[in-house]
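**Student:** This is what each chain is made of:
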Amino acid sequence: MKLTTCPHQKEVRQLMARGQWPAACTTELRAHVDACRACGDLVLVAEAFQQARAESLAAARPVSPALLLWRAQLRRRNAAVERIGRPLLGAQIFLFAVVVVAAVEFAGFEAHSGASWATWPFWRDWLAQLPHAAASQWASLSSGPLAASGWNWMLPAFVLATLALLGGAAVYLATDKR
Amino acid sequence: MPWELTLPDALLHASPGGLQQAAGAGACDPAMENEAFTVFYTRSSRPLWAYLARSSADPALADDLMQESYVRYLCAAGAPSIVADGEAAARLYLFRIASNLLRDHWRRPRAASIEEVPEEFFAARGHETQSDSRIALEPALRQMKPRERQLLWLAHAEGYSHREIARVMGLSAASIRLLLFRARRKIAALLRAPAATETLGRKS
Chain A
217 MKLTTCPHQK
227 EVRQLMARGQ
237 WPAACTTELR
247 AHVDACRACG
257 DLVLVAEAFQ
267 QARAESLAAA
277 RPVSPALLLW
287 RAQLRRRNAA
297 VERIGRPLLG
307 AQIFLFAVVV
317 VAAVEFAGFE
327 AHSGASWATW
337 PFWRDWLAQL
347 PHAAASQWAS
357 LSSGPLAASG
367 WNWMLPAFVL
377 ATLALLGGAA
387 VYLATDKR
Chain B
349 MPWELTLPDA
359 LLHASPGGLQ
369 QAAGAGACDP
379 AMENEAFTVF
389 YTRSSRPLWA
399 YLARSSADPA
409 LADDLMQESY
419 VRYLCAAGAP
429 SIVADGEAAA
439 RLYLFRIASN
449 LLRDHWRRPR
459 AASIEEVPEE
469 FFAARGHETQ
479 SDSRIALEPA
489 LRQMKPRERQ
499 LLWLAHAEGY
509 SHREIARVMG
519 LSAASIRLLL
529 FRARRKIAAL
539 LRAPAATETL
549 GRKS
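Top to bottom, those sequences are chains A and B.
With the numbering used here applied, the first sequence has no gaps in its numbers, which climb one by one up to 394 at the end.
With the numbering used here applied, the second sequence has no gaps in its numbers, which climb one by one up to 552 at the end.
These are calculated hints, taken from the structure and not from any lab test.
A couple of the hints might just be wrong.
[Unchecked claim] Using C-beta positions, here's what the derived DEER-type ranges look like: (1) A:263 <-> B:448: 46 to 56 Å; (2) B:454 <-> A:234: 33 to 43 Å; (3) B:390 <-> A:304: 38 to 48 Å; (4) A:234 <-> B:390: 19 to 29 Å.
What you are looking at is a predicted structure, and each value in this text was computed from that prediction instead of being measured.
Each residue gets a CB set at the ideal place from its N, CA and C atoms; glycine is no exception.
Please model the complete structure; the sequences and the hints are all you need to start from.
**Tutor:** Structure, rendered in structure tokens:
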């Protein structure tokens, strides 16, 4: 289809947009529109669409703008919550990975030492000797090169930090879903 | 109290459809935002609904898409501000959102059949179908492609220029010129032969 335009189309379009067609147009222009296919199409289509628009505007039943403002606010709030929750999810995954790695390391170490760690007597004995083992470890560290260098405060600080981290993680993981 | 409710307002209103971008501190006043939006909504909602209803030929869908268009406009980060950019720019942006929603709807496979539409829908809207222009235009529009219906409505009902239609439809102005010329010629032929249109409409 070849695109054919008429120089009068712009004038006709402006008259229609201003609502002055056909009352305010010249006899020559009206005669031209009757003869010109492009202008005739334009007038026919524009009149039909403008009449349809007027009817549709009357038929529209818009809801209250307050409802839309509320829905938009709700959606923004949800998006903000999601944005904040993204790093927290990353932290959860990281903590879970740390716990899994620690558990695997521990299991591997105990399996390597030949202990039957899957049985209750093993854990009973382990718990019983834990204070003695800790005390002896502390004594060896206190008299070791770390203590000599004046950095012996680091060990309890590290232990406390680890306990705080794991405690916080445990509390968070336990309460997050709720 | 849930912790989500304690979120700071600055975070929640990070992208309020350009309303916050309005110049001056007063524009950050929620009451003023609401007032500006209410005025804009009052002026633009009916033309937008008309565009959606005629392009989709489905008033119920037009209701849904109109609400979704406004909500997306209010949540959009780069939306033009009603106060700073003007209502015309905001309206153009809104029509663009609505056009994209229509396009998404047409791309999706149809899930609902005519039997699933409630009876009261037809009862409520029945009186509108009796008007003369519907009788003349509806069968012709039914034979047009969705994009042609959009183009014709934007050009001849809304009075948008080729460049404005191009922005709404996401096409070039040169393409709009050609597509609009073809669509106008096609619908003019259909409007000139209403009897033939009726017959074709019933067959399709």
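**Student:** If I claimed the Cβ atoms of residue 390 (chain B) and residue 304 (chain A) lie 38 to 48 Å apart, would that claim hold in this structure?
**Tutor:** 41 Å, holds
**Student:** Regarding residue 234 (chain A) and residue 390 (chain B), is the given constraint of 19 to 29 Å on their beta-carbon distance met?
**Tutor:** 24 Å, holds
**Student:** Note whether the CB distance of residue 263 (chain A) and residue 448 (chain B) lies within 46 to 56 Å or breaks it.
**Tutor:** 29 Å, violated
**Student:** Does the hinted range 33 to 43 Å hold for residue 454 (chain B) and residue 234 (chain A) at CB?
**Tutor:** About 34 Å separates the Cβ atoms of residue 454 (chain B) and residue 234 (chain A), which means 33 to 43 Å holds.
In this structure, the one hint that does not hold is number 1.
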